[in-house]
Amino acid sequence: MTLLQVESLRVRFKTEDGYVEPLDGVSFEIEKGQVVGLVGETGSGKSVTAQAIMGLLPFVRGEVTGGRMTFMGEDLLSLTEQEWQKYRGAKLSLISQNPMTSLDPVYRVGDQIVEGMRLHLDITKTKARQQAIDLMGSLQIPNPERVYHQYPHQLSGGLKQRIVIAMGLCAGPLLLIADEPTTALDVTVQAQIVALFKEAAVERGIGLLLITHDLGVIAQLCDKVAVMYAGTVVEFGDAMSVFNEPKHPYTESLLHCIPKLGMQKGSLMAIPGNVPSVRTFPKGCRYHPRCRYVMPVCSLQKPAEIHLENGINVACLKYSNYLRKTA
Amino acid sequence: MDMTQSGRFRRRWRKFSANRLGLIGFIIIVALIVFAGLANKLAPYSYKRQELSNMNSPPSRDHFMGTDEFGRDVLSRVIHGSRISVYVGVISVGMSVLIGVFIGSLAGYYGGWVDRFLSTVTDLTWSLPEILVALLMVAVIGAGVECVIIAIALTYWAQYARLIRGQILMLKNEVYVEATRSLGANDFTILFKHLFPNAIAPVVVAATIGIGQAIVLEATLGFLGLGAQPPLPSWGAMMSSGTAYLFISPWVIIFPGLAMMITVLGFNLFGDALVDLLDIKEQASM
Chain U
192 MTLLQVESLR VRFKTEDGYV EPLDGVSFEI EKGQVVGLVG ETGSGKSVTA
242 QAIMGLLPFV RGEVTGGRMT FMGEDLLSLT EQEWQKYRGA KLSLISQNPM
292 TSLDPVYRVG DQIVEGMRLH LDITKTKARQ QAIDLMGSLQ IPNPERVYHQ
342 YPHQLSGGLK QRIVIAMGLC AGPLLLIADE PTTALDVTVQ AQIVALFKEA
392 AVERGIGLLL ITHDLGVIAQ LCDKVAVMYA GTVVEFGDAM SVFNEPKHPY
442 TESLLHCIPK LGMQKGSLMA IPGNVPSVRT FPKGCRYHPR CRYVMPVCSL
492 QKPAEIHLEN GINVACLKYS NYLRKTA
Chain D
160 MDMTQSGRFR RRWRKFSANR LGLIGFIIIV ALIVFAGLAN KLAPYSYKRQ
210 ELSNMNSPPS RDHFMGTDEF GRDVLSRVIH GSRISVYVGV ISVGMSVLIG
260 VFIGSLAGYY GGWVDRFLST VTDLTWSLPE ILVALLMVAV IGAGVECVII
310 AIALTYWAQY ARLIRGQILM LKNEVYVEAT RSLGANDFTI LFKHLFPNAI
360 APVVVAATIG IGQAIVLEAT LGFLGLGAQP PLPSWGAMMS SGTAYLFISP
410 WVIIFPGLAM MITVLGFNLF GDALVDLLDI KEQASM
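So the sequence lines, in the order shown, correspond to chains U and D. Here my numbering is used: the first residue of the first sequence is 192, the next is one more, and so on. Here my numbering is used: the first residue of the second sequence is 160, the next is one more, and so on.
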């Protein structure tokens, strides 16, 4: 059974002057044991997607206005806050962007892991403590007994991130969402942490949704990738196919933007124009002002999601012929 | 981990005792508590023993601070008076902190109409004159120490409510709050286990200084005859009855006044030192 299925999700936020709609048409799915990358520029709605999956939108004045989200066949959108509290941490777990501030400064880090366990598991404090130390050890935290008793400010960024991962895993979730888990870390530690994520997920056979703007990380670790642009998943499919044969014009341009060693100077491409802000999303296809294949229809019609033959979903009017043919 | 714990304590103590004024404040407070606790042992006479042959006598070897219009030993009365001051100061501020923290936390955490409602109540309370509330309390429950405590508790909480509301407003957007929520914690856990300990330090400082203010207010109400009733030796009441003999026996007013001044100074100095001790600025920037 599909672990998590998100279909044409729409989200809006209430602001001082009316509503904004940061998500319009987010679709992707994760199977058990799969690593799915969610990639996009800043402001494309990656974090909002994570918050939506965790049911955290009401806390930031957001709401889901359309689409579907199912987890192990259960409808997530119908959960009440009380039911959400049993899901969060136990079935779904979110690791937020910044490990430096994800830990409460006034508690020992080990106790924060234990707190997460005792929220969901019927377990004694002593046993939870032992499990927390084991978990910390399995995440390659050196000398876990000692680190257990330390406060966040006493730990390095890499160690803090490991503690945060331990908190995310402590109650045995089936899906782990990692929102930009490495942005705040030194480059030297990034690779380690990313590898740790994959290992932790694969070992437990759980799903991992890796949110990042780093295409290198995606290429290295992910089975599938969802490319987001301005609140829409424009392309979703097998990571290898997407990278080798990008279908959506945005994905194509994005891949041209990655510098490679030995590249001729000055040959690095940039996508013309700017990422639109959530208040000024263009009508029709949100990418059309920057698209090099733009057609007149693009500014009028919102592209529907099209399933191509190799399991790739793409939202681009370029492929509407394909849609007509199969229909 | 006891090693680092005591190490941290020692480091803090060193930092604190380097602050001379804070140390003086601390010593004053400790002395006050000792006087209040051991008043029966330390006072040379009973606070109500009258020596009618020896009224309004100036400070002497038998009576360090002289005697009042009933020939009662002023020193003994000042020492016993510290009991009432400490009692009123601590209980009333304790109660107002409890009320203020509860209301301020709810307002800051939930925001929206809850915040608008509670903040309005807080602002209304803020604008109430303490003495008026005390008069109202006298009408309801009669004059006495309890009346003073209730009057202070009912008016002082507003400042703590505002303080903690601001703290919570700032802290509730911290990533660790979302992280805790993502673990499945409910509002209660987030508010009282995570936000609260991070928000409380400035309130501790304000409450320390608040005790000093409450002691002055108690004296004010005592002076007006609304506080502790005779023969209980409240500093304010002593000064009030001394006014009649101001030019004959000024010591009856001077010594309780001095005691009060030093006490308030102690709480203020200690409160200021706590700002450094509790790393309040550091925490705010963390």
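Worth flagging that the hints you see were computed from the coordinates, not collected in a lab. The model shown is predicted, which means the values in this text are computed figures rather than measured ones. Incorrect hints may have been included.
Per label pair, the in silico range of CB-to-CB distance [said to hold, decoys possible]:
hint, chain 1, residue 1, chain 2, residue 2, range
1, D, Thr279, U, Glu443, 54 to 60 Å
2, U, Gly328, D, Leu287, 54 to 60 Å
3, D, Thr279, U, Met486, 36 to 42 Å
4, U, Pro333, D, Asn345, 31 to 37 Å
Quick partial rundown of chain U residues pointing at chain D, CB under 7 Å, derived from the structure [to be verified]:
hint, residue
5, Gln276
6, Ser293
7, Val378
By construction, the Cβ of each residue, glycine as well, lies at the ideal position given by its N, Cα and C atoms.
Hints versus structure:
With their beta carbons about 57 Å apart, D/Thr279 and U/Glu443 fall inside the hinted range of 54 to 60 Å. The hinted window of 54 to 60 Å between U/Gly328 and D/Leu287 holds, with their beta carbons roughly 58 Å apart. Evaluation of the 36 to 42 Å hint for D/Thr279 and U/Met486 yields a failure: the beta carbon distance comes to about 57 Å. For U/Pro333 and D/Asn345, the Cβ-Cβ distance of about 34 Å falls inside the hinted range of 31 to 37 Å, so the restraint holds.
Hint on U/Gln276 holds. Least Cβ distance to chain D is approximately 5 Å, under the 7 Å limit. Interface hint status for U/Ser293: upheld, as the beta-carbon distance to the closest one in chain D is roughly 4 Å, under 7 Å. The interface hint given for U/Val378 is broken, as the beta carbon of that residue sits about 22 Å from the closest beta carbon of chain D, more than 7 Å.
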